[in-house]
Amino acid sequence: MAFSFKTVLTELTDGLGLAYWAIVKTKDPDCVYYFGPFLTEAEAEKYREGYISDLEEEGAAIAEFAIKRCRKPETLTVDALETES
1 MAFSFKTVLT ELTDGLGLAY WAIVKTKDPD CVYYFGPFLT EAEAEKYREG
51 YISDLEEEGA AIAEFAIKRC RKPETLTVDA LETES
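Here our numbering is used: the first residue of the sequence shown is 1, the next is one more, and so on.
These are computed hints drawn from the structure, not numbers from a lab. Please note that a few of the clues may not be correct.
[Unchecked claim] Here are the simulated lysine-lysine pairs, DSS-like style, with alpha carbons at most 27 Å apart:
| no. | residue 1 | residue 2 |
| --- | --- | --- |
| 1 | K46 | K27 |
| 2 | K25 | K68 |
| 3 | K72 | K6 |
| 4 | K46 | K72 |
| 5 | K27 | K68 |
| 6 | K27 | K6 |
| 7 | K25 | K72 |
| 8 | K72 | K27 |
| 9 | K25 | K46 |
| 10 | K6 | K68 |
| 11 | K46 | K6 |
Use the sequences and the hints to build the structure in full.
Put into structure tokens, the structure is as follows:
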């Protein structure tokens with residue numbers, strides 16, 4: 001199995017909580033989607049339109065888009081109603 005330097009570096013930064021994650025919040029359904037990890041904020045931004053258009057094609061209404069530096073979330077798709085209880 002071949003590993004690229006970028007892949008190893010991305011995994012390392014993610015493990016340290018230094019990687020960037022794109023976060024898309026939707027309404028109908030009320031969910032939060034996490035995409036990543038990315039080495040840079042610019043790299044995460046580069047994929048913004050693709051993530052948004054994919055979710056819109058599935059019928060979701062986009063409420064918010066953000067880029068955050070953090071560790072990989074435990075769950076990449078979170079039902080917002082579950083987080084309120």
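Evaluation of the provided hints:
no., hint, verdict
1, K46 - K27, "23 Å, holds"
2, K25 - K68, "13 Å, holds"
3, K72 - K6, "17 Å, holds"
4, K46 - K72, "19 Å, holds"
5, K27 - K68, "20 Å, holds"
6, K27 - K6, "34 Å, violated"
7, K25 - K72, "17 Å, holds"
8, K72 - K27, "23 Å, holds"
9, K25 - K46, "18 Å, holds"
10, K6 - K68, "19 Å, holds"
11, K46 - K6, "16 Å, holds"
In this structure, the one hint that does not hold is number 6.
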